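Chemist: One-letter residues, chain by chain:
2 protein chains.
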Amino acid sequence: MADKHDTPEKAEGAFYEAFAHRNLEAMMAVWADDERIGCVHPMSELVTGLRAIRESWAGILHGSPVLNLRVELVMRVRRGPLAIHTVHEYLSTGNDTARRPIVATNVYLETEIGWRMIMHHASPTAVSVQAETTLH
Amino acid sequence: MADKHDTPEKAEGAFYEAFAHRNLEAMMAVWADDERIGCVHPMSELVTGLRAIRESWAGILHGSPVLNLRVELVMRVRRGPLAIHTVHEYLSTGNDTARRPIVATNVYLETEIGWRMIMHHASPTAVSVQAETTLH
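Chains as they are written, first to last, in our numbering: chain A, 26 to 161; chain B, 26 to 161.
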C-alpha cells in the first residue's frame with residue numbers, strides 16, 4: 026500500500042529517498058498510475074506510461090552504487106491540483122563529490138490518493154548560465 | 026502590445042515561431058512577466074526571472090543562424106490554469122539535418138492577459154530510452 030502524500034513536498038521527499046536507496050517499488054509508488062505520465066532521464070527522450078517508466082528506472086537503479094543525494098529546491102509553482110518543482114540534484118558515490126548538479130523539473134498532481142508525480146524531467150549541467158550572465 | 030493567447034497551444038506556437046525567427050521581443054512577449062518563471066537551457070542550470078531569462082535568450086538568438094525548427098508535441102497535461110507540454114524539438118540549419126531532438130517541457134499559466142509561458146526546460150538527447158527498452 027503506497028503512502029498517501031498530503032503535500033507535493035512529501036511526495037518529492039519520498040521520491041528522492043527511494044532514489045537514494047535504490048528502492049524501485051518505493052519510487053514507483055510515488056508516480057501516478059496513469060498512461061499520461063512522463064519521464065526524461067539525462068540525455069534521453071521522453072518515456073511515457075507507468076510500465077515503461079518503471080523499466081527505465083529499474084535499469085538505472087540496478088546498476089547504481091549507493092548514492093549520496095542532496096536535493097535543492099530552486100523554484101516552486103502551485104496552482105490548484107498541480108505543483109511544479111525545479112530542483113538541483115547533487116549525486117555522489119563514496120568520496121566522489123558532485124560538482125555539477127542535475128537539474129530536474131518535477132510535476133505533481135493531487136489525486137484522491139494524495140499527491141503523485143506525473144512528470145520528471147532531468148538533465149545534466151555543464152555550465153551555469155546565471156553565473157555567466159552575472160560575470161559579463 | 027503582446028498577443029493574447031487564448032490556449033496554451035497558441036502560446037507555444039508563438040514561442041517557437043519567435044525562436045525560429047530569432048525574434049527576442051516576440052519570444053519574451055510569450056513569457057509571464059513574473060519573477061517566478063524559470064528556464065533551463067540545454068546543459069545549463071535554472072535561470073529565473075524575466076530579466077535573466079531575456080539575457081540568456083539574447084545570447085542564444087544573437088549567435089544563432091536562421092533555424093529550421095520542427096516541434097512534435099509528445100505529451101500534454103492540463104488542469105485548471107496550468108498546462109504542461111513536453112515536446113521534441115528538431116533544430117537544423119541549412120542542409121544540416123538534426124538527428125537527435127532536444128526534449129523540452131514547457132509550462133503555461135492562464136493569466137488575465139491569456140496563456141503565458143512560466144517554464145521552459147530543454148535538454149539534449151543522445152539515446153532513446155524508449156527504443157532501448159523495446160529492444161531488450
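Hints are not guaranteed to be accurate.
A pair holds if it fits inside one copy or across any two, identical chains being indistinguishable in the list.
Below, simulated SDA-like cross-link-like pairs (lysine to any residue); rule was C-alpha separation at most 25 Å, straight line [as the list claims (entries may be wrong)]:
#, residue 1, residue 2
1, LYS35, VAL102
2, LYS29, ARG124
3, LYS29, PRO126
4, LYS29, HIS46
5, LYS29, SER117
6, LYS29, THR118
7, LYS35, ALA151
8, LYS35, ARG61
9, LYS29, MET68
10, LYS29, ALA77
11, LYS29, ARG125
12, LYS29, ASP58
13, LYS29, PRO149
14, LYS29, GLY139
15, LYS29, ALA45
16, LYS35, ALA83
17, LYS29, GLY88
18, LYS29, SER89
19, LYS29, ASP59
20, LYS29, ILE127
Hints were generated in silico from the structure; no laboratory data involved.
The structure displayed is predicted, hence computed values, not measured ones.
Chemist: Taking the hints in turn, state whether each one holds.
Modeler: Comparing the hints with the structure gives:
1. LYS35 <-> VAL102: So LYS35 and VAL102 pass the 25 Å test inside a copy (15 Å) and across (22 Å) alike.
2. LYS29 <-> ARG124: neither (34 Å within a copy, 42 Å between copies)
3. LYS29 <-> PRO126: neither (29 Å within a copy, 36 Å between copies)
4. LYS29 <-> HIS46: within (20 Å within a copy, 47 Å between copies)
5. LYS29 <-> SER117: Neither. Shortest intra-copy (29 Å) and inter-copy (45 Å) distances fail the 25 Å Cα cut-off.
6. LYS29 <-> THR118: neither (30 Å within a copy, 49 Å between copies)
7. LYS35 <-> ALA151: Neither, since 29 Å and 32 Å both go past 25 Å.
8. LYS35 <-> ARG61: both (22 Å within a copy, 22 Å between copies)
9. LYS29 <-> MET68: neither (32 Å within a copy, 34 Å between copies)
10. LYS29 <-> ALA77: Answer is within; shortest intra-copy Cα gap is 23 Å, inter-copy 38 Å.
11. LYS29 <-> ARG125: Result: close neither inside a copy nor across copies, 33 Å intra and 39 Å inter.
12. LYS29 <-> ASP58: within (13 Å within a copy, 35 Å between copies)
13. LYS29 <-> PRO149: Neither way: LYS29 and PRO149 sit 31 Å apart in one copy and 34 Å across, limit 25 Å.
14. LYS29 <-> GLY139: Result: close within a single copy only, 5 Å intra versus 35 Å inter.
15. LYS29 <-> ALA45: Only inside one copy: LYS29 and ALA45 sit 20 Å apart there, 44 Å across copies, limit 25 Å.
16. LYS35 <-> ALA83: within (22 Å within a copy, 38 Å between copies)
17. LYS29 <-> GLY88: neither (29 Å within a copy, 49 Å between copies)
18. LYS29 <-> SER89: neither (27 Å within a copy, 47 Å between copies)
19. LYS29 <-> ASP59: This pair counts as within: shortest intra-copy Cα distance 16 Å, inter-copy 33 Å.
20. LYS29 <-> ILE127: Answer is neither: 27 Å inside a copy and 35 Å across each miss the 25 Å cutoff.
Hints 2, 3, 5, 6, 7, 9, 11, 13, 17, 18, 20 from the earlier list are contradicted by this structure; the remaining hints agree with it.
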